[in-house]
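*Asks:* Just need the whole structure built from these sequences, with the hints factored in.
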Amino acid sequence: MFIIGGLYAGDAVHSYGAGRWVVVISIYLYTVIFSISWAVAVKIYAAEIQPQRTRASATSLAHGSNWITNFLVALVTPTLLANTSYGAYFLFGSCTFATAIVCWFFMPETRGRTLAEIQQALHASRSSGVDTPAKALWRRLRRAPTITVTGP
Numbered sequence: 004m005f006i007i008g009g010l011y012a013g014d015a016v017h018s019y020g021a022g023r024w025v026v027v028i029s030i031y032l033y034t035v036i037f038s039i040s041w042a043v044a045v046k047i048y049a050a051e052i053q054p055q056r057t058r059a060s061a062t063s064l065a066h067g068s069n070w071i072t073n074f075l076v077a078l079v080t081p082t083l084l085a086n087t088s089y090g091a092y093f094l095f096g097s098c099t100f101a102t103a104i105v106c107w108f109f110m111p112e113t114r115g116r117t118l119a120e121i122q123q124a125l126h127a128s129r130s131s132g133v134d135t136p137a138k139a140l141w142r143r144l145r146r147a148p149t150i151t152v153t154g155p
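Here my numbering is used: position 68 in the sequence shown is 71, and no number is missing along the way.
Just so you know, the hints here were simulated from the structure itself, not pulled from any lab data. Possibly wrong hints are sitting among the right ones.
To be verified - Between beta-carbon pairs, the in silico distance windows are:
| # | residue 1 | residue 2 | range |
| --- | --- | --- | --- |
| 1 | SER60 | GLY22 | 44 to 50 Å |
| 2 | GLU112 | ARG56 | 20 to 26 Å |
| 3 | ARG116 | THR72 | 24 to 30 Å |
| 4 | LEU64 | GLY9 | 33 to 39 Å |
| 5 | TYR19 | LEU64 | 45 to 51 Å |
| 6 | GLY22 | SER68 | 34 to 40 Å |
| 7 | LYS46 | GLY90 | 27 to 33 Å |
| 8 | GLN55 | ARG23 | 48 to 54 Å |
As the structure is a prediction and not an experimental result, all values here were calculated from the model. Idealized CB from N, CA, C, for every residue including glycine.
*Replies:* What follows is the structure, given as structure tokens:
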């Protein structure tokens, strides 16, 4: 998304030349990668980490939020592209980057684990004894020195 936005912002996409092919290939790559990863990962992850008693509610919330997000993207994209040729790409690239950061810090890896192991890991991460990446980041941020600027 950032590559496409940069090409449009730099006016490197014309009716001829390599810029338009980079945009086409980038859109296809994004679509394929999104379709095999994030498009289905939310649905699977929401159902996988939930205990039996909350699984149906969590899965329906995940499906509903995914549908609403896709609807908003489809609703906003034409307006953004009508006003600027590159704004939509930078917006969606930034959203993707923010989502990756949230996933890195707050979504534990569940591959190869049973449901009981996942529940135990989630329960243990809530206790004070286990250090998760999010807890470590929060601890570092709290200990960061405060910079004060004094002026004339």
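*Asks:* Give a verdict on every hint.
*Replies:* So, going through the hints one by one against the coordinates:
1. Between SER60 and GLY22, the C-beta spacing of about 47 Å keeps the proposed range 44 to 50 Å intact.
2. Roughly 24 Å separates the CB atoms of GLU112 and ARG56, a value that falls within the hinted 20 to 26 Å.
3. One distance hint, 24 to 30 Å for the beta-carbon pair ARG116 and THR72, holds here, with the actual separation near 27 Å.
4. A beta carbon spacing of about 35 Å between LEU64 and GLY9 agrees with the range 33 to 39 Å that was offered as a hint.
5. Against the hinted window of 45 to 51 Å, the Cβ-Cβ separation of TYR19 and LEU64 comes to about 47 Å, which satisfies the hint.
6. Taking 34 to 40 Å as the suggested C-beta distance range, the pair GLY22 and SER68 conforms, at roughly 35 Å.
7. Checked against the hint of 27 to 33 Å, the C-beta distance between LYS46 and GLY90 comes to roughly 29 Å, which is consistent with it.
8. Distance hint check: the CB atoms of GLN55 and ARG23 are about 51 Å apart, consistent with the given range 48 to 54 Å.
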